[in-house]
Amino acid sequence: QKEVEQNSGPLSVPEGAIASLNCTYSDRGSQSFFWYRQYSGKSPELIMFIYSNGDKEDGRFTAQLNKASQYVSLLIRDSQPSDSATYLCAVNIDYKLSFGAGTTVTVRA
Amino acid sequence: EAQVTQNPRYLITVTGKKLTVTCSQNMNHEYMSWYRQDPGLGLRQIYYSMNVEVTDKGDVPEGYKVSRKEKRNFPLILESPSPNQTSLYFCASRGGGFGYTFGSGTRLTVV
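Chains as they are written, first to last, in the working numbering: chain A, 1 to 109; chain B, 1 to 111.
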């Protein structure tokens, strides 16, 4: 079993819609959780982090964490063409940050 | 500007010819790490360093070496590169608990 798994995608959403991305992790000792955005050929860019169960909102982004279900999600509201990218879920345990394979999102104008 | 600098950005080399990819950060971060990214496999950790002279293996360390003689620098060494090391490499550093800052990446091709 992979440590971090994401919907394989690709995910296509119309402009203005909500994009929903899911991620599950295998290690219950995981301490913190991150969402990165990566444009093609570029380096990952941190967009959200969450440590506690519940929701965390930052602008159009909302991260949700459920440690009991070992599940973390990212919602992108009012999706824009500039949100078209690959989104990487990452899970931190001590000094190790493990990544999922990523979900590619395309926002249709 | 706070950043992680990798060099070179692109590198084509031949099998067996030793190479070094440099990584430097100006944020005084203690923790640094190397990842490789391959299609469908995501980012996989190669090595990490918790501080000067303290390094440890990640998930895919075979064929790589690292050193951490200074806090700001964390070079990745391929003593005898092989074609299966063709990949996109990222260096990253971490300060506090707020995720990693990544370098711009090095696209390595081994022929």
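Incorrect hints may appear among the rest.
Claimed, not checked - Here are the simulated DSSO-like pairs of lysine-lysine, each with C-alpha atoms no more than 27 Å apart in a straight line:
1) B:K17 to A:K96
2) A:K42 to A:K2
3) A:K96 to B:K69
Simulated from the structure, these hints should not be mistaken for lab results.
*Looking at the structure, which of the earlier hints fail to hold?*
1
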